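Trainee: Construct the entire structure; sequences and hints are all you get.
2 protein chains.
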Amino acid sequence: MKIAVVGCGALGSYYGAKLWRDGQEVHFLLRSDYEIVRRRGVEIRSPEGNFNARPRCARTPDEIGQVDLVIIGLKTTANVQFPILLPPLVGPQTAILTLQNGLGNEEQLAKLFPIDQILGGLCFVCLNRIQPGVIEHIGQGRISMGEFQRWPEPRTHDIASMIRHAGIPCEVTDNLARAHWEKLVWNIPFNGLGVASSAGLENFLRSSDVVVEKLAPCLTTDKLLGDPRWEMLVRELMLEVIAAARAKGMNIAESFVDTLIERTKPMGAYKASTLIDFERGQTLELDGLFLEPLRQAEQAGATTPRLRTLCAVLKAVSKIRASAHGS
Amino acid sequence: MKIAVVGCGALGSYYGAKLWRDGQEVHFLLRSDYEIVRRRGVEIRSPEGNFNARPRCARTPDEIGQVDLVIIGLKTTANVQFPILLPPLVGPQTAILTLQNGLGNEEQLAKLFPIDQILGGLCFVCLNRIQPGVIEHIGQGRISMGEFQRWPEPRTHDIASMIRHAGIPCEVTDNLARAHWEKLVWNIPFNGLGVASSAGLENFLRSSDVVVEKLAPCLTTDKLLGDPRWEMLVRELMLEVIAAARAKGMNIAESFVDTLIERTKPMGAYKASTLIDFERGQTLELDGLFLEPLRQAEQAGATTPRLRTLCAVLKAVSKIRASAHGS
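So the protein lines, in turn, are chains A and B.
For the first sequence, position 92 (counting from the first letter as 1) is numbered 92 according to the working numbering, and the numbering increases by one without interruption.
For the second sequence, position 77 (counting from the first letter as 1) is numbered 77 according to the working numbering, and the numbering increases by one without interruption.
I should point out that these hints are in silico values taken from the structure, not numbers from a laboratory.
Among the hints, a few may not be true.
Which copy is meant is left open, because identical chains are indistinguishable; a pair holds if it fits in one copy or across any two.
Computed list of lysine to any residue pairs in SDA-like fashion (alpha-carbon distance at most 25 Å, straight line) [unchecked claim]:
1) LYS248 - GLU171
2) LYS223 - GLY139
3) LYS111 - GLY139
4) LYS315 - LEU286
5) LYS111 - THR77
6) LYS248 - ASP158
7) LYS2 - PHE148
8) LYS248 - PRO169
9) LYS248 - ALA110
10) LYS248 - HIS165
11) LYS2 - ALA269
12) LYS75 - ARG38
13) LYS248 - ALA166
14) LYS183 - GLU171
15) LYS319 - VAL211
16) LYS248 - PRO154
17) LYS265 - GLU25
18) LYS2 - GLU153
19) LYS265 - SER255
20) LYS214 - PRO132
21) LYS2 - ARG40
22) LYS183 - HIS157
23) LYS319 - GLU35
24) LYS319 - GLU202
25) LYS183 - ARG164
26) LYS183 - PRO169
27) LYS183 - GLU213
28) LYS75 - GLN282
The structure presented is a predicted model; accordingly, all values stated were derived computationally and were not measured.
Mentor: The following block contains the structure:
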């Protein structure tokens, strides 16, 4: 299968490298890392075994041309580039699979392409781009994949089967929207409070406006679960996200909260991706992970005061950090 | 959706009644129970609530004509009737879903119809037909459904969604063959030893030919797990079935044995369906549940001595019982 990987950070590089190793024709669309990846390939360091991948490298989508499958691993903050990066890759038979975080990515693709070409994948993987062309795979890797607003098709299963063949656990979901919300039940508290915790607990205790003055270190998952006050906020946020999903007609059980808390405990001092971005001074992916879920929750009539406060704190924290980094 | 239920025993009646209650156009094809079901409908007694269903009743498939979906709930011993019962119901767009036990049913349908019309469903349900037109639902009810030798299609999900809408948990599997073998891991020991236990433990202890003289009562699941010697046989059979599935390329983990044993313990004195048939003097469904799996295991080169003995004992027991019932 001819595959283009658009957005070759940790996520795109990791999955692209595994598909390349399995014999697929994989093209990386690169910008800053173009020279180094073209010369040295991508190095994957993984407890499952290190390897070096040598995908074809391109600087522009026109060099690649139409492919069978586009895999999108861009930060969602770069989605404005869709109209420039994607059209040269997409023919009438091309499947477009976004592996990006949060809500709204498939919708943005649907403004450019027919919906029956759009798929979404939820990635459960822990990766770190430690330097250009070098990706550390810390653990996991599963993808849960589905068609945008439609049932899976035989084509969906063909792609999932190809991904599994490359050693990546991959399942097909018949309800991509629900899978997104299930992932948000974890992502919103642990990514969100992880960063918001740097502004202190106070903003969640008072009902007045959010005030952020100076920033403390972020809290990893073990710290959030190690303090009963933060754990309570984690649980409340989870319940709010479940309530929002239910208001939208997706029946997620409240017991899912306990399941997720128990699954998170063995992860130790885990840094959710938003924390890593934040510590590196990168622009946070606030929209898909927090603001759009809040919009949809309110639109559906769900009561989500904790999520509203979280969004306000994240915006304030993000602003302070942006000015500190002069960006 | 216009649905024909062929084989209105406990299984077909239960699912057909639930679909009827949900507003589908359901036709029962009946023989011995025709008069009573036409007059009084089907009574479902269930811990989830009793109800009476009034599906349309027919004596011949021609009265029903072509339908959107055929649901087959026949005992597999009646599969020879497929060529008489099914063709009048099946047009070029009809989906044919067999909910029957064991291996080989889809293959028999494929001799009559194009394979892209054939689906299989594994039922995890505990039912009892206590008298004509009266079905006792003891518990569970989930269906795991897939296309025969093909990926699921949007059509598959449409049918699953309709089934779920009727209050029946239903999921789509992308590997029907594997789902069959996973179910056999439980069915072969508990259905098989349940009945074979009536011939005593000795046949499994000696290496000579099977000898069955008189029959003791069958053992329910709790009895099989309550005696370390029977439990050992249960586990050995499970491992053999897993080995056979693996030889056929389906990777079922050996730890599945422990999972199933733990799941079975809370079921108490559960009578697997083959036991119920046996105690009623009905012909046993040996082929799909035992003989065909053994054939496929041996063909794939798996070593399955316990399964071979089990099949021999079941044939001997079945023969004695048949002569006792004069059939």
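Trainee: All hints, please: hold or fail.
Mentor: Cross-check of the supplied hints:
no. : hint            : verdict
1   : LYS248 - GLU171 : both (24 Å within a copy, 21 Å between copies)
2   : LYS223 - GLY139 : within (20 Å within a copy, 43 Å between copies)
3   : LYS111 - GLY139 : neither (34 Å within a copy, 47 Å between copies)
4   : LYS315 - LEU286 : within (8 Å within a copy, 66 Å between copies)
5   : LYS111 - THR77  : within (17 Å within a copy, 55 Å between copies)
6   : LYS248 - ASP158 : between (30 Å within a copy, 20 Å between copies)
7   : LYS2 - PHE148   : within (22 Å within a copy, 29 Å between copies)
8   : LYS248 - PRO169 : between (29 Å within a copy, 20 Å between copies)
9   : LYS248 - ALA110 : within (20 Å within a copy, 41 Å between copies)
10  : LYS248 - HIS165 : between (35 Å within a copy, 17 Å between copies)
11  : LYS2 - ALA269   : neither (39 Å within a copy, 56 Å between copies)
12  : LYS75 - ARG38   : within (22 Å within a copy, 63 Å between copies)
13  : LYS248 - ALA166 : between (35 Å within a copy, 20 Å between copies)
14  : LYS183 - GLU171 : both (15 Å within a copy, 20 Å between copies)
15  : LYS319 - VAL211 : within (12 Å within a copy, 83 Å between copies)
16  : LYS248 - PRO154 : between (28 Å within a copy, 23 Å between copies)
17  : LYS265 - GLU25  : neither (39 Å within a copy, 50 Å between copies)
18  : LYS2 - GLU153   : both (19 Å within a copy, 24 Å between copies)
19  : LYS265 - SER255 : both (16 Å within a copy, 24 Å between copies)
20  : LYS214 - PRO132 : neither (32 Å within a copy, 76 Å between copies)
21  : LYS2 - ARG40    : within (22 Å within a copy, 61 Å between copies)
22  : LYS183 - HIS157 : both (21 Å within a copy, 22 Å between copies)
23  : LYS319 - GLU35  : neither (33 Å within a copy, 77 Å between copies)
24  : LYS319 - GLU202 : within (18 Å within a copy, 78 Å between copies)
25  : LYS183 - ARG164 : both (21 Å within a copy, 23 Å between copies)
26  : LYS183 - PRO169 : both (17 Å within a copy, 22 Å between copies)
27  : LYS183 - GLU213 : neither (31 Å within a copy, 60 Å between copies)
28  : LYS75 - GLN282  : within (10 Å within a copy, 64 Å between copies)
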